[in-house]
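So the protein lines, in turn, are chains S and E.
Per our numbering, the very first residue in the first sequence carries number 209; after that it's consecutive.
Per our numbering, the very first residue in the second sequence carries number 209; after that it's consecutive.
Keep in mind that the hints were calculated from the coordinates and are not lab data.
Check before you lean on any hint, since a few could be wrong.
One copy or two, either will do: identical chains are not told apart, so a pair holds if it fits within one copy or between any two.
Taking lysine-lysine and the DSS-like style, the derived pairs with C-alpha atoms no more than 25 Å apart in a straight line are [unchecked claim]:
1) K524 with K540
2) K346 with K466
3) K488 with K524
4) K346 with K524
5) K488 with K511
6) K422 with K540
7) K476 with K466
8) K447 with K339
9) K253 with K422
10) K488 with K466
Protein chains: 2
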Amino acid sequence: MIRTAASRRHVLHLHHGYSTAGSCIVRAFRTSTVRLDQRAIVYSKNGDPSSVLSAVSFPDLPPPAPRTANVRFLLSPINPADINVIEGVYPSRPSPSTDLSSDASAVFVAGNEGVAEVLSVGNGITHLKEKDWVVMTKPQMGTWVSSRNVRIEDVLKVDSSGLSAAHAATLTVNSPTAYNMLHDVVQLKEGDWVVQNGANSAVGQAVIQIAASKGVRTINFIRDRQVRDNVESLKSHLKALGATHVATYDELSDRAFKATFASWTQGKDVQLGLNCVGGKTTTLMAGLLGENAHLVSYGAMSKDPLSLPTSLFIFKNLTCHGFWQTRWYDQKTLDERLQMMQTLTGLIRGGKACMILPMGVP
Amino acid sequence: MIRTAASRRHVLHLHHGYSTAGSCIVRAFRTSTVRLDQRAIVYSKNGDPSSVLSAVSFPDLPPPAPRTANVRFLLSPINPADINVIEGVYPSRPSPSTDLSSDASAVFVAGNEGVAEVLSVGNGITHLKEKDWVVMTKPQMGTWVSSRNVRIEDVLKVDSSGLSAAHAATLTVNSPTAYNMLHDVVQLKEGDWVVQNGANSAVGQAVIQIAASKGVRTINFIRDRQVRDNVESLKSHLKALGATHVATYDELSDRAFKATFASWTQGKDVQLGLNCVGGKTTTLMAGLLGENAHLVSYGAMSKDPLSLPTSLFIFKNLTCHGFWQTRWYDQKTLDERLQMMQTLTGLIRGGKACMILPMGVP
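Start from the sequences, fold in the hints, and give me the full structure.
Below, the structure written as structure tokens:
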């Protein structure tokens with residue numbers, strides 16, 4: 209009963225409707241409010257997304273079974289990791305679905321994050337009703353889809369008051385990564401410093417805002433831009449979000465930077481570094497950290513390894529960790545996840561974080 | 209009153225008397241039992257030891273002041289880090305002494321480790337008597353010296369029964385490094401696995417023995433030798449110490465090694481890796497570690513940085529630490545240091561660790 213309407217163009221041009229600020233922009237598609245065929249972006253084998261993705265259509269969902277709900281996706285971001293999942297190079301994998309293929313072979317529905325509104329609920333559900341917003345609590349649920357049936361334990365209700373759909377759609381990956389890295393490793397106090405690279409990534413911008421909301425000061429590294437104005441514009445943007453200082457990797461690489469850094473921190477040891485880049489500039493950034501500091505890596509956008517002089521570990525007692533929000537979800541209870549969500553939505557409503565400012569930078 | 213008898217030859221040829229097994233051998237000099245002039249190996253500026261070290265003579269010590277003791281060194285090892293201290297590239301530095309120079313300018317007495325016997329004690333000392341053995345509890349005390357006056361709080365008494373002077377002289381650096389790395393980071397149980405490189409270093413051999421005494425199994429990596437027999441002889445030596453498996457870095461680099469490793473561990477996750485080498489082979493060794501493992505670095509003999517794919521941190525939750533015995537001493541009470549010493553001497557007396565076996569390898 210399922211029509212396959214595979215088309216590379218469908219995927220690439222369909223429903224581009226939204227992007228947040230930042231160089232690591234959230235590209236999302238919006239399902240039309242005019243009822244069309246239900247559609248899903250699927251793949252049956254891993255590879256280059258432009259080769260392996262296809263759009264399939266499927267009929268309207270049947271009424272939901274007990275303790276499940278039918279939901280309609282409002283916005284589903286494309287995060288960089290989603291591409292890696294489709295390529296098959298990411299440790300998280302979706303479960304295969306046999307409902308959406310024309311020949312009963314398994315396909316994977318792409319997409320990890322998104323906000324959906326409830327269309328209808330099955331018996332046994334009292335805390336969700338039509339029009340409520342929900343986000344996924346389980347990774348790799350498949351969110352690049354018009355609508356789907358979900359189990360009650362796989363979604364969390366989000367109070368939509370004061371939130372845009374864009375806020376809600378981007379609540380489960382980048383903002384909690386920023387929040388948890390700032391809280392789980394080091395007990396930061398007002399006036400403490402944090403250094404980070406990839407500072408204009410979605411996580412980086414959330415780090416700036418969440419840190420600023422606690423009075424924690426940030427030193428933020430970004431790539432250089434060929435056009436000088438663009439660098440200044442990006443610096444202004446990050447400062448408007450709450451960044452204390454912003455410097456480019458070129459500035460970081462300059463011998464004079466240590467003195468600049470010392471004048472900023474006034475000799476106060478920096479206890480936390482956040483890394484999503486790797487490679488040489490991360491080595492330099494790690495050298496800025498103080499005694500007993502922690503370097504937390506959550507990405508490797510340069511694709512270069514993390515390379516650090518052993519002396520930092522031995523003599524400065526550096527500790528290096530990784531952070532993966534997927535593991536955090538695995539280790540936490542539903543209540544803990546709900547509490548995190550409420551903390552983040554509270555920050556958004558208070559204008560403290562996940563604010564989306566105009567960038568002015570291409 | 210102090211005669212300077214500077215001579216490069218003095219330092220290089222004087223009193224070579226002892227070496228323990230291992231490639232990272234402990235080279236030590238023995239002060240003669242026939243009373244000669246008191247001598248010290250000193251330097252007034254940092255640099256290549258063969259250029260900056262000199263031997264100075266000084267008169268017999270005056271009677272000890274209250275709460276101090278005069279001690280005569282029996283054996284003082286030369287550890288690799290001692291060279292770095294003299295070069296001025298090590299974070300620990302000795303305090304300058306003005307007693308030993310001919311013109312009252314400051315000199316540094318070299319040497320960090322050693323065993324001394326008590327010659328005489330000042331008033332207020334009841335727990336030490338003549339002929340007792342002591343080791344230093346403070347780094348960089350200056351141990352390459354015939355005799356010196358020490359404050360009571362800067363030495364720990366060692367019960368010499370069942371110990372050789374070589375055992376006692378090497379109690380404060382390498383063995384505690386091995387012991388603490390095996391106990392402070394991961395709670396190892398009988399049957400657990402540890403991987404390490406530089407396995408024939410003094411620390412590495414202590415790791416093998418201390419691990420074996422707890423029923424912890426070790427996979428030990430060593431450099432290749434040009435003469436095949438030497439590799440086999442070294443492997444046999446380490447196995448005689450208690451090593452479960454020994455492999456060369458060449459073997460580690462071979463694609464087939466993963467299968468060998470899996471056959472050894474039977475799929476059991478390795479939770480602890482110990483590194484004193486850095487560079488490419490450490491990257492390979494880190495790849496053998498299981499989920500949530502810890503890699504502890506205590507040296508960088510290759511002088512190459514520790515370079516690790518970020519994915520190990522993010523997806524396998526690897527944590528990287530450093531270990532520095534000097535910091536351990538800084539953070540511990542005298543009682544805790546004494547307890548450590550007693551644990552180690554207990555292992556030695558029980559024939560469990562710090563055993564010195566004939567090497568048969570050049």
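Checked hints:
no.	hint	in the structure
1	K524 with K540	between (32 Å within a copy, 18 Å between copies)
2	K346 with K466	neither (43 Å within a copy, 32 Å between copies)
3	K488 with K524	both (19 Å within a copy, 22 Å between copies)
4	K346 with K524	between (38 Å within a copy, 19 Å between copies)
5	K488 with K511	both (11 Å within a copy, 17 Å between copies)
6	K422 with K540	within (24 Å within a copy, 34 Å between copies)
7	K476 with K466	within (13 Å within a copy, 45 Å between copies)
8	K447 with K339	neither (37 Å within a copy, 68 Å between copies)
9	K253 with K422	neither (45 Å within a copy, 48 Å between copies)
10	K488 with K466	within (16 Å within a copy, 29 Å between copies)
Violation of the numbered hints given earlier is confined to hints 2, 8 and 9; the remaining hints are satisfied by the structure.
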